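Please build the complex by placing chain F on the supplied structure of chain R, with the hints as guidance.
Line order of the protein sequences matches chains R and F. Okay, so the first sequence: first residue is 1189 according to the working numbering, each after it adds one. Okay, so the second sequence: first residue is 3 according to the working numbering, each after it adds one.
To be clear, the hints were calculated from the coordinates, so they are not data collected in a lab. Every value quoted in this text rests on a predicted model; they were computed, and no experiment measured them. By construction, the Cβ of each residue, glycine as well, lies at the ideal position given by its N, Cα and C atoms. Keep in mind that a hint or two might mislead.
[Unchecked claim] Here are the simulated EDC-like pairs of lysine to aspartate or glutamate, each with C-alpha atoms no more than 16 Å apart in a straight line: (1) LYS38(F) x GLU1296(R); (2) LYS1202(R) x GLU1296(R); (3) LYS100(F) x GLU1296(R); (4) LYS100(F) x GLU1267(R).
[Unchecked claim] Here are a few chain R residues that face chain F, going by a calculated C-beta distance under 8 Å: (5) ALA1212; (6) MET1215; (7) TYR1219; (8) GLY1230; (9) THR1274; (10) PHE1278; (11) GLY1295; (12) GLU1296.
Spelled out from the first residue to the last, the chains are:
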Amino acid sequence: NAGVTQTPKFRILKIGQSMTLQCAQDMNHNYMYWYRQDPGMGLKLIYYSVGAGITDKGEVPNGYNVSRSTTEDFPLRLELAAPSQTSVYFCASRWSGGNSGNTIYFGEGSWLTVV
Amino acid sequence: GQQVMQIPQYQHVQEGEDFTTYCNSSTTLSNIQWYKQRPGGHPVFLIQLVKSGEVKKQKRLTFQFGEAKKNSSLHITATQTTDVGTYFCAGPNSNTGKLIFGQGTTLQVKP
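Next comes chain R alone, as it looks inside the complex (with noise of 0.2 Å):
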């Protein structure tokens, strides 16, 4: 298994600009995350989905979109790119079922900046 796959690792975008950060699983988990790590802190989640087709938002989702058409990918996508949206971008993954199932698999990461 690859685990959690994010793309790109790398990227400076322009204030105004518009990305797609990718996520794809291949553990057929339920559960994928999007969180943002700004440097020296911790991780603030963005948005989640329990599933194909659901999403919700998470403590910080202005200025972010998601979508979760299949059970693999759970794309973020940035409108309008800011300043303050400069960060560490991580992607995360778990099977919930019962309660040895709630381990979180990490992406490696997606360095953002924005200027």
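Relative to chain R, chain F alone:
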């Protein structure tokens, strides 16, 4: 909404000293998880605690889950330079599927 707080935010220790980080949730948790993130890396799962009062050990790491299932701690005995990184606790919301992380405790170990 649910909040997960961790203290301290930073800790510098001399190699060989012990280290403890504490995690407190505003709500009762069904379980709590701990993750480690090395500098420049992504968080990696360490352990999950489920039962009230549970204690688990991984070599020099000891994890505890409080009796009320609202707090937890991670204790490292005799730190090594390989322990450097940020340690996060995370509390899942069993109703919504949300997984909220604490702010993390960054550990620096001086050789």
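Less than 8 Å between beta-carbons is the criterion; does MET1215(R) satisfy it with respect to chain F?
Violated: closest Cβ of chain F sits about 13 Å from MET1215(R), beyond 8 Å.
Given the hinted pair LYS38(F) and GLU1296(R), is their alpha-carbon gap at most 16 Å?
13 Å, holds
16 Å Cα cutoff - pair LYS100(F), GLU1296(R)
20 Å, violated
Status of the THR1274(R) interface restraint (C-beta, 8 Å, chain F)
16 Å, violated
Please work out if LYS100(F) and GLU1267(R) have their alpha carbons no farther apart than 16 Å.
Judged against 16 Å, a Cα distance of about 24 Å means the pair is violated.
Take the shortest C-beta to C-beta distance between GLY1295(R) and chain F; is it under 8 Å?
For GLY1295(R), the interface hint holds, since the closest Cβ of chain F sits about 7 Å away, which is under 8 Å.
Cut-off 8 Å, beta-carbon criterion: hint that PHE1278(R) touches chain F:
6 Å, holds
Interface hint status, GLY1230(R) versus chain F (Cβ within 8 Å)
Since the shortest Cβ distance to chain F is 4 Å, the answer is holds.
Does GLU1296(R) lie within 16 Å of LYS1202(R) when you go C-alpha to C-alpha?
Status violated; Cα separation ~23 Å.
Hint check: is the beta carbon of GLU1296(R) less than 8 Å from a beta carbon of chain F?
This hint holds: GLU1296(R) lies near chain F, its Cβ roughly 5 Å from the closest one there, short of 8 Å.
Hint validation: TYR1219(R) versus chain F, beta carbon distance must be below 8 Å. Holds or violated?
6 Å, holds
Can you verify the interface hint for ALA1212(R): is its Cβ closer than 8 Å to any Cβ in chain F?
The hint is violated - ALA1212(R) has no Cβ within 8 Å of chain F, the shortest such distance being about 15 Å.
Against the hints set out earlier in the document, violations occur for numbers 2, 3, 4, 5, 6 and 9.
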